[in-house]
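Model the full assembly from the supplied sequences, consistent with the hints where possible.
Protein chains in written order, with the numbering used here: chain Z, 4 to 248; chain Y, 9 to 432; chain U, 15 to 269.
Pairwise CB distance ranges, derived in the manner of DEER restraints:
no., chain 1, residue 1, chain 2, residue 2, range
1, U, Gly46, Y, Gly242, 38 to 48 Å
2, Z, Lys229, U, Thr215, 37 to 47 Å
3, Y, Gly381, U, Gly46, 24 to 34 Å
4, U, Glu61, Y, Ser210, 28 to 38 Å
5, Y, Val127, Z, Leu9, 54 to 64 Å
6, Y, Ala269, U, Arg76, 49 to 59 Å
7, Y, Gly381, U, Val26, 42 to 52 Å
8, U, Ser226, Z, Asn224, 20 to 30 Å
9, Y, Leu93, Z, Lys188, 38 to 48 Å
For the record, the hints were derived by calculation from the structure and aren't laboratory data.
Note that the Cβ used here is the ideal one computed from N, Cα and C, for glycine as well.
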Amino acid sequence: MDRRSLLKKLFFSIPLLVKGDLFSSSEEGNPKTQKTKSKYGMAVQVEKCIGCARCVEACKIENNVPKEHSYFRTWIERYIVKKDEEITVQMVDRGAKEYAVPSVEKDILRSFFVPKLCNHCSNPPCAQVCPVGATFLTEEGVVLVDDNRCIGCGYCIHACPYGARYLHPETKTADKCTFCYHRLKSNKHPVCVMVCPTQARVFGNLNSPASPLVRVKRMKNIHVLKPYLNTRPKVFYTDLDGEVR
Amino acid sequence: MNFTILNPMLDVIQQVTGYIYPNEMEIHWKVLIVVYPYVTGVVAGAFILASLVKVFNVKEVQPTYRLALLTALSFLLVAPLPLLLHLGHPERSYEIFLTPNPTSAMAMFGFVYAWYLMVVLLLELWFEYRRDLVVWAEQGKAPMKWIHRVISLFSKDISSQAVAFDMKAVKVITIIGIPSAFLLHGYVGFIFGSIKANPWWSSVLMPIVFLFSAIVSGIAMVILLYMIITPLRGKSIDMKCLDRVTSYLFYAVIIDFSLEALDFIHRLYESEESIQILSELVSGKLFGSLVVIQVILGMLVPLGIMVVIKAFTLDQELRKLLYFVSVILIQIGIFTTRWNVVIGGQMFSKSFRGLNTYTMELWGLEGLVSTLGLLILPFIILFVLLKIFPPWGMENKKANGSGPPEPQVSQGPEAAAVSTAASH
Amino acid sequence: MTKKAVSMKNFVQKIPEQIKRLSIVFFFLAAGVLLARAYLVPTELKESGIHRSKTIQTEISRKGSYSESEVCSECHDDKDTLKRSGFHKFLACETCHGPGAKHAEDPETTPPSAPRERDYCSLCHAYDASRPTGFPQINPLVHNPLKACISCHEPHDPKPTEVPRECSACHGGISRTMAISPHIQLDCTTCHEVPKNHKTTPRAAKPSKPESREFCGKCHAEGSDVKGPPRVDMKTHGEKYLCWQCHYPHMPEAR
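Here it is as structure tokens:
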């Protein structure tokens with residue numbers, strides 16, 4: 004090979020040397036060891052959700068989420084797109100007696116339920132802004148909050164684009180979905196996944212090619228919420244309508 | 009397995025329009041978080057005014073120099089209080105010092121505050137007052153005598169060299185202090201401006217807008233205090249000084265207004281997804297506080313007044329009245345600016361489909377009463393500081409006719425300025 | 015004294031008195047802070063790493079109220095077998111019976127709940143326009159309103175008590191839409207061929223849908239002998255498109 008092509012090859016290999024960590028997530032390590040560790044994620048299949056809110060109730064019981072109306076680790080949204088493009092969004096609350104069931108089907112173009120929860124982002128804005136490092140990303144990709152360190156400043160709650168966090172009224176610390184971390188070690192699934200009657204929620208190890216989660220990612224078109232914010236969520240939605248925020 | 013809806017929540021639910029994420033029902037940054045940027049803003053602004061004297065050698069503004077520094081100190085001492093009061097666990101706040109998260113702008117608070125307090129403001133005050141402290145410690149009566157002696161660190165040297173060194177030190181500290189003041193308030197703007205999840209806050213301009221609003225409020229606060237304290241002391245207001253300071257205020261207001269207008273125009277022009285809900289917000293819930301108070305009363309009216317004063321030659325008394333009205337309007341306007349940023353940013357849902365509500369309570373840690381208390385506290389502290397460190401001190405001694413004649417100091421330019429100040 | 019010591023002494027003397035005094039103050043402040051940090055602060059608060067591993071331990075050792083279906087089937091094998099082949103095979107036991115961890119530990123004293131009211135089944139099975147089509151839904155107000163659901167449907171292997179006679183039993187939404195359209199005159203089977211076992215295994219044996227323009231042309235073409243429907247010239251009207259790309263077949267000319 005002559006000098007010119009050698010120099011060309013060297014020149015174009017420079018980016019490989021400096022690729023560095025500019026665009027990688029906060030928990031990327033040696034690719035070899037990465038394969039053996041678990042990295043948890045969830046898929047939400049919107050086309051299967053029937054909005055029964057069993058997941059919401061189970062989560063509240065399992066994780067001692069405050070019973071008051073405005074604290075949720077996971078919740079269901081109902082979208083109604085009318086023929087005149089008017090869009091209504093409501094929160095599904097099967098406990099409250101006055102939730103509205105759309106009765107006039109004539110005007111509805113399409114309607115569906117969307118379960119929401121903490122997305123356990125790989126580039127979590129909440130962990131970025133916590134002043135004392137109380138919220139952090141574990142090796143398995145789960146974002147946790149350290150109850151003993153959190154000072155209750157509320158910055159992470161504002162930084163979360165998905166509204167997944169709240170300030171616990173009793174502990175006065177930030178709280179959110181933990182993928183039922185206490186169940187993961189004994190190979191149990193989060194309770195929302197377990198009680199879903201239609202298997203709309205699929206949980207698994209993103210690093211294991213044999214997990215049902217990876218199958219969903221292989222077979223369906225995958226969306227995430229607010230991708231333009233580059234939070235790199237690990238909760239993947241299938242059949243997600245463009246109107247969902 | 010029913011979930012009960014608590015009655016207070018029911019009120020809130022009924023005032024929510026559209027759809028908000030369920031966890032957004034309760035807002036977390038309430039009026040205390042409005043007070044904090046307001047207070048640090050006054051600190052930064054007052055310090056910038058003081059720096060005009062030392063770094064840019066604007067002699068006419070000298071009478072307000074020490075007052076500006078003391079104002080900055082009294083507001084700075086109050087600054088951490090709203091933060092501590094609003095935290096869920098204030099007893100753990102020291103963690104910000106111990107294990108700060110380096111990616112968090114809020115973690116900078118401890119260090120920036122400590123730096124500014126210790127290295128900039130206290131040091132500058134010490135060097136500025138040291139000579140007077142030594143003299144007062146010599147001539148004064150207990151207990152003030154001992155306070156002065158301790159604060160001067162038992163220093164005794166008031167030779168011309170030492171005083172010249174003091175003045176030089178003040179100049180150096182002020183030069184360091186200007187970027188430190190920018191940092192002290194700019195980082196607050198960055199705390200809001202770096203939140204990509206919230207389009208009302210997320211903006212490159214946010215730290216700059218915060219800073220210039222701060223400069224406006226700081227200068228206006230010093231003017232206000234000067235105009236109130238001077239007649240109380242029985243002295244006449246130095247109109248040259250006042251006119252000059254108000255000029256600077258005028259320029260600052262122009263820049264601040266231009267920046268805010270730019271932000272507004274830019275938003276409307278780009279018309280991103282959030283424009284719809286934000287327009288609803290501004291034309292609905294925030295109309296009174298933003299359009300009426302912040303823009304018209306807080307910025308356009310004072311701007312108009314100052315243009316009129318610059319364009320026409322007005323009688324001194326009329327000018328004083330107009331200045332007074334302007335600075336009060338500006339204070340209200342800047343406080344409301346902070347309100348609109350902090351509270352406004354939480355009044356709409358991140359789903360862009362709904363609006364929330366906030367009613368400030370009367371009592372309680374985040375209530376109206378405690379807010380007023382926090383806002384009055386700096387003035388009380390200032391009152392105490394003015395007693396311990398009279399900015400126009402030399403003149404008090406002369407009026408009392410007590411003590412030995414003043415020690416001779418060589419007539420350097422700083423000393424000349426000091427004695428001019430003393431003669432007011 | 016050596017030259018160096020003399021010049022050092024001179025240097026120190028030259029430092030202004032103010033700086034000396036201030037340095038002493040700062041020294042004490044700094045020393046105080048460092049001592050406090052070294053001796054008064056517990057190690058775990060200083061080191062993020064230690065604190066986090068403790069947090070992870072705390073999270074792991076949290077006790078939850080839910081168990082999992084495998085645990086239930088250890089004792090309730092009969093119900094598990096019953097559920098395994100029915101429509102509820104994907105439901106976890108705790109979906110309906112609530113948290114079962116306490117019961118799994120101490121079966122005698124803490125029985126889990128067993129919902130028997132109509133309200134409970136309605137949470138999933140009441141008609142709701144936002145639910146995906148084909149999910150079994152009924153209108154609880156008219157579907158045997160006074161009876162408990164479980165009196166006809168075994169909850170662990172639910173089947174309709176009888177094979178539904180009308181398509182509208184499962185396809186209520188479509189049926190109601192058609193009810194106000196001109197196509198009400200048509201039977202579902204006019205356009206859809208329904209295989210025999212569609213009513214017992216709906217997803218495994220799906221009905222057919224028309225595949226060509228000519229199908230609609232059977233009634234709507236210029237020369238057809240069916241009386242009544244609006245006629246179009248099949249050659250020119252919407253030439254290359256399938257009819258239902260514009261006209262929703264269950265409510266054509268929907269207003």
